[in-house]
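Novice: Sequential numbering from 16 applies to the sequence shown in my numbering.
Just so you know, these hints were derived from the structure itself, not from any lab.
All of these numbers come straight from a predicted model, not from anything done at the bench.
Each hint should be verified, as a subset may be incorrect.
For lysine-lysine, the following DSSO-like pairs were computed, each having C-alpha atoms within a straight-line distance of at most 27 Å [claimed, not checked]:
id	residue 1	residue 2
1	LYS116	LYS140
2	LYS30	LYS116
3	LYS221	LYS30
4	LYS123	LYS30
5	LYS140	LYS123
6	LYS177	LYS49
7	LYS223	LYS156
8	LYS133	LYS47
9	LYS49	LYS133
10	LYS30	LYS47
11	LYS123	LYS169
12	LYS47	LYS169
13	LYS30	LYS169
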Amino acid sequence: MDDNKMRRFTEEIAKFADKPFHLYFATSNSNKFKEMQFLGRETFSMEQHSIEVPEIQGTVEEIIEAKIEVARRLSTVFPILVDDTALNIEALNGWPGPYVKEFLESFKPDGIVDLVQKVNRENMKVRAICSLGYLENRSAKPIFGYGFVEGILKHRADGIYKGFGFDPVLYPFGDGKAFGDMTMEEKGNLSHRAHALLNLCQNLVKRKGSGDS
C-alpha cells in the first residue's frame with residue numbers, strides 16, 4: 016500500500032472515470048454503502064447487494080480473500096465488491112484488528128477510548144485499515160485493494176458522538192476533526208476506505224491492461 020499522507024483521494028479516484036462501469040457492493044451496512052457510493056460516484060455506478068458473508072478469523076489478507084470466495088459462490092450478480100475493516104490499536108498490541116465489529120458492539124466508541132486510556136493513556140495511536148475484493152464474474156480472478164489511515168482515539172469534548180463505527184472517536188493524523196464530524200468529501204480525501212478504493216482502481220487498470228482476467 017502507498018502511504019496515506021493526506022492526499023485528495025476523491026480527486027484521484029475520479030481520474031478513473033473515463034469508462035465508468037456498474038458494480039454491486041455486497042454489504043448490509045447502509046452507512047458504508049452510501050460512503051462507498053459517494054467515493055466512487057464518478058467512476059462506478061454502484062448498487063447495494065445484501066448477501067450474508069460470515070465473519071471469518073485470520074489476517075486482513077486472509078479475511079478479504081475468504082470473503083470474495085463466499086461472494087463467488089453466493090452472489091447472483093456481478094461484478095461484485097466485498098470489503099472488510101480492521102482497527103489496530105497500538106496500546107493493545109494491534110487488537111482488535113479485523114474483529115473491530117464485535118469490539119464496537121461490546122464497548123461502543125466511547126468505551127473503546129476508556130479502555131485504551133486505562134491501558135496507556137499516553138499512547139492512543141491507531142491505524143484503520145480497509146480491504147476490498149472485486150470479482151468481474153464468477154470465474155474471474157479476484158482483484159484486491161488495500162488502504163489505511165493513522166490517527167488517535169480520544170473522547171469528544173462536546174460529548175456528542177456522531178458518525179458510524181469508530182468515526183466518532185478517530186481523529187486522523189492526530190488533530191483537527193474526528194471522522195464523524197467531517198463531510199463525506201472531507202472524509203473521502205483521507206480515509207482508509209477511499210485509500211483502498213483508489214488502490215483497487217489502480218489494480219483494476221493494471222489487470223485490464225495486462226489482459227489477465
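Novice: For every hint, state whether the structure bears it out.
Specialist: To see whether the hints hold, each was checked on the structure:
no.	hint	result
1	LYS116 - LYS140	holds, 19 Å
2	LYS30 - LYS116	violated, 32 Å
3	LYS221 - LYS30	holds, 15 Å
4	LYS123 - LYS30	violated, 37 Å
5	LYS140 - LYS123	holds, 18 Å
6	LYS177 - LYS49	holds, 16 Å
7	LYS223 - LYS156	holds, 12 Å
8	LYS133 - LYS47	violated, 30 Å
9	LYS49 - LYS133	violated, 35 Å
10	LYS30 - LYS47	holds, 22 Å
11	LYS123 - LYS169	holds, 13 Å
12	LYS47 - LYS169	holds, 22 Å
13	LYS30 - LYS169	violated, 35 Å
Violated hints, in rising order: 2, 4, 8, 9 and 13; the structure is consistent with all others.
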